[in-house]
Every structure is written in structure tokens, then in C-alpha cells.
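Peer 1: Please build the complete structure, drawing on both the sequences and the hints.
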Amino acid sequence: MKPAALPTPANDAAPHPLAAIARSWPGAALAVDAVGIVIAASPLSGFAAGMNAPFALPSAAIASQIVDKAGRRWRVSAPVDGRRLATSDTREEPDAAQRFTAAVSHEIRTPLNGILGMAALLEETDLTPAQRDYAGAIRKSGSRLLALLNNVLDYSRMEAGDIPLDEAPFDTSDLVQDVAELLAPRAHAAGLDIAGVAHPDLPPRMTGDAGRLRQILFNLAGNAIKFTEKGAVLIEARPGAGGEGLALVVRDTGAGIPDHAKAHLFEAFSQVSAADARRDGGVGLGLAIVTRLVEAMKGRVNLSSAYGSGAMFVVELPIQAASGSWQRTRPQRSLRVALDLPPASTLACMSALGREGGRLVKDWKAADLVLLDAARPPAQIETIARAKRTLVVLRPGDRGRIEQFRQMGCAGYLIRPLRAASLLERVGLALDNVAPAELPPERKPGEAGSVLIADDNAVNALLFRSALTAAGFRVHTAGTGAEALERVGETDYSVIFMDIRMPVMDGLEATRRIRSFAGPVAQTPIVALTADIDPELEERCRNAGVSQLAAKPIDPTRLRELAERWARTHAKAAE
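The sequence shown begins at 11 in this note's numbering and counts up by one.
Derived by calculation from the structure, the hints in this document are not laboratory data.
One or more of the hints may lead you astray.
To be verified - Quick list of the computed label-pair ranges, beta carbon to beta carbon:
{"hint": "1", "residue 1": "142", "residue 2": "239", "range": "17 to 25 Å"}
{"hint": "2", "residue 1": "411", "residue 2": "142", "range": "13 to 21 Å"}
{"hint": "3", "residue 1": "513", "residue 2": "387", "range": "49 to 57 Å"}
{"hint": "4", "residue 1": "178", "residue 2": "527", "range": "22 to 30 Å"}
{"hint": "5", "residue 1": "553", "residue 2": "66", "range": "21 to 29 Å"}
{"hint": "6", "residue 1": "176", "residue 2": "526", "range": "24 to 32 Å"}
{"hint": "7", "residue 1": "393", "residue 2": "360", "range": "21 to 29 Å"}
{"hint": "8", "residue 1": "387", "residue 2": "144", "range": "29 to 37 Å"}
{"hint": "9", "residue 1": "144", "residue 2": "369", "range": "44 to 52 Å"}
Unchecked claim - In silico DSS-like pairs for lysine-lysine, Cα to Cα no more than 27 Å straight-line:
{"hint": "10", "residue 1": "240", "residue 2": "272"}
{"hint": "11", "residue 1": "272", "residue 2": "308"}
{"hint": "12", "residue 1": "240", "residue 2": "150"}
{"hint": "13", "residue 1": "375", "residue 2": "398"}
{"hint": "14", "residue 1": "398", "residue 2": "372"}
{"hint": "15", "residue 1": "272", "residue 2": "236"}
{"hint": "16", "residue 1": "372", "residue 2": "240"}
{"hint": "17", "residue 1": "236", "residue 2": "150"}
From the three backbone atoms N, C-alpha and C, an ideal C-beta is built for every residue, glycine too.
Peer 2: Shown next as C-alpha cells:
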């Protein structure tokens, strides 16, 4: 018995004009009905009547361009009697637009990395007040150019229908804390506190596109920093409405948004006011990008704000717990903690310590542990530190004062923005009287570990070498992936920073070969550096064996934090 044939659409009895055009089209063409079923197809399309179209039809009754899951670009006509014609030029490379966007991004971001990084290093040297102002102006102008580049490139790709999603398990706590760390230099330079908090009832791991989620948070929190003059920005991950899904929340203590501006705030090229446009220097694409991404994930974004009382953006997404995920551990012991910190850092501390049985007390004399902001008067810090176990909380730029706080009697230190795992570790050390010996003295070159920088750009290599040498690392450089392999064969490195685009052999191929080596060298942490915007790059890096992907430009403080974190991880694994 022959299998039943697919039903022929009723329209073929009286052929639709677009069906005839599709059948005779010299390239790939489809005629589709209102629900996305093919009613006719050209021989070169690879489709037949009755099949589902390889793309979702646009909701608007206008001509559009759509990229299907295979990367083929389709030009879709406006509806004609409920039918649409979709054509694709088979001679056109499907990812040509993506490659152009990536090339433009790389060619602009690479020199920007040098400009911003060198300006940051310059600010760390002894400068006259006028010179410091000039260096700060260079850094701020470069940062504004970078933000504009990111938004224009992102929006242009989304306008072309290019929003691929790469779903994989991710850590919810790392998601918000990574964004807070990336934005911390900008927030601290503006005199603002910033922190990331994951709700204790949220599964530790969920399944979704972590890269796109970071992009959403980066745009929302970046806007919050730009329009907040004093106070704090808090980034939260919590269960969605009814305990289902994921809610990402960004709160600020800024001026708020007037009611008349809310209706068009998420439109492209929209600003609250002309004054905001002049102060921001952007083009009003950040929230439009957020809207497109949230819609692609089948979620929604809401705004709650009263003029003069700050703003709160809530992104609700139908994201579920990853397979095998578990609920966070419940409190194990009681701990009385006194806090004197900026508001966002206070909430981050309360969230992390609350899971472990921590209880906030107002009087530091009744506390088991005290956490103090490094901005408090030195005499006050010393008085408390001599009487109670005390952790001092620093900004990254205050690292040079660690020895000073040790002399005051502090049991340890933390760097803002606070990361829950680091906070709990340092609290445990302080309570066990281990932290004073753990606080490191100023390191000599080479004592922090050895680093290989593989980058064919001489300015970037100089920037990385200068920043990491100052942090106590011994630094070697390589200009190609092949040269990096030779270096790895000669020296045991604590961490390798590998640029992805290099001549002779690219960074991903060099990484794959290092991972194939015999012995401990194959486990060396490799941080891939890229100036590209490529949604598939993160997956390619994972497949190659990359430990972490970091986007250029990368400022010296962030670079040192990455080097120190992975050097510690490598040292523990070798024990």
C-alpha cells in the first residue's frame, strides 16, 4: 500500500498568481499562505507544496527580509490576497551580511581597545590635574564611540531579521554578577554603587541564551548608569510571576521617567528629552534592541517609574530550570552581621549571607562580623577593626590601599561589585581567623604567575603586558597561533589570553591543538579575546575548548581580574 501523499492546497485548483511566479522562478522561491504553509515552490528551493516554510512570517503586512535557521536570507513580499512570495538568491552567500558586520566590528573595536586601554593605563600614572582631565576625556569619548558602535551594529542586524538564539544551561548568579562587574568601572567613575543579586528561590542553572540575556541586562543597566546622578544601580534575577520562568530586574535611583515619555521609550531613536539626547550622546537604540531580543525570546518587558523616584525595568521570560538543576542550599548556621555599605552592595550582602543564616544587626558591637565601606573615615574603620572581625569593601581602584587596611586590623577585604561566592569565602576565612595571612603583600613581577598573550596587534600586546606586569605577572607574547603553540611547549603558563583572529593560525585552532597536548599543559586556562560580534562565536569557542570568552575592548582592571581568577583556578587544579 503506497503512503498517502501530502494534501495539495486547495489554492492549486485555481492557481494563485504568486504560485505561478514561484514555480517559474529561476532561483529559490516559495509561495506561502497566511499560516506559513508552502502552496508552490521553485525546483531550486528544496521545498514542495504542503511543507512548512523555513521561517516565521512577519506579523506586519509589509515586505520584509528574513533569515531562516539555515542562514539563508529570504525576501518576503507584502501579502497579496493572503499569500506571500519569498525569494532567495542562491548565488548570494547566506551569511554575507553577517560577515560584513563582523568585519566592521573587528576593524573598529581593535583600535578602540588600544585607545581605551592605554588611556586607562595613563590614568594610573602620576599626572598633573590637566593631564588627568585630558586622559579622562579620551577614555570617555572612546567609551561613547564604543557604545554607539555596539548599538548601531546590533540594531542593523536585528532589522535584517537576524536574531539567532543559542540555548544552553547557564548559571543565574553568574549572569547578573558578570554584568555588574563589566559595568562597575563606568558606575564607579560616576560615583555610583552597582551590584548583581540572584534570588535564593531561583534555580542555580536555567536554560536559555546567556549571551542575549547579558546583552539585555547590559543595555538596561548601562542606561540606568547614564541617567543616574547619585545612588545605585541594582541588577536582579528572580523567579517570574507565579514562580514560573525568569524575571530580570534593573532598578536605579535616578530622576525617573515622566509619563508622557513612557509610551515611545522603547521605539528606535527615541529619547526621553532633547536634553537627555545631548547628555547621553547616543542615538536611542538601546531599549529598542532590548525589545527586539525580548520578543525573540517570547517574553515581555515592563517599566515602572515615577518622575523623580527612579526607574525599574522588569523583563519576564519563559525560561525553565536546566535539567538536573537543584535548589540553592538553605541556611546552615546563624551569623550576626553589621553592614555600613552603599545601598546596592548592602542588598547584595544581605542576599548572599541570608542564604547561609546571616542576620543583619544595626549595632556593630553586637555583630559577629562587620563589613565596612573603604570610603569611611580611617579612624572609624580602625576603631571597629580593632574590636570586631572586619572586612573592608573596596572599589577596584583602591587595591593599592589593602596594606593600609591590614595595618588598621582588618581581617580581609572584598572588591565591589560583590560576588556571592567570594563574599561567603572571605566571610568564612575571617571567622576562622585565616584572612590576615591570606591578604597578599604587594607582588614582585612573576610572583602572581605567568601569562601568555597571543595577539597580532602590537598596541594590544603592549597594553596587556603593561597591565599584567604591574599586577605581578610574568608576561610573554606571541603574534600568531603557531607562535603561541611554540611558547606553550616551552613554558608552563598560569593562563593564556588568545586573540581569535590571527595570521598563520587563528586562536581557535591554536586552542584546539593545545587541548590535544599530553599532560597538564592541556588543562591550561585559555581566555579567548575577540572584537567580533558573532552570535555563534560562543558555541565555537566552547567546542574548541576555550575556558572563557571576553569581548574587546577590555580595560586593564578587568584584564587583571580575569588573569588573577584563572591563575587561582589553575593553581588549585594543580595541587
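Peer 1: Would you pick out the hints that fail for this structure and give their numbers low to high?
Peer 2: As far as the earlier hints go, not one is violated by this structure.
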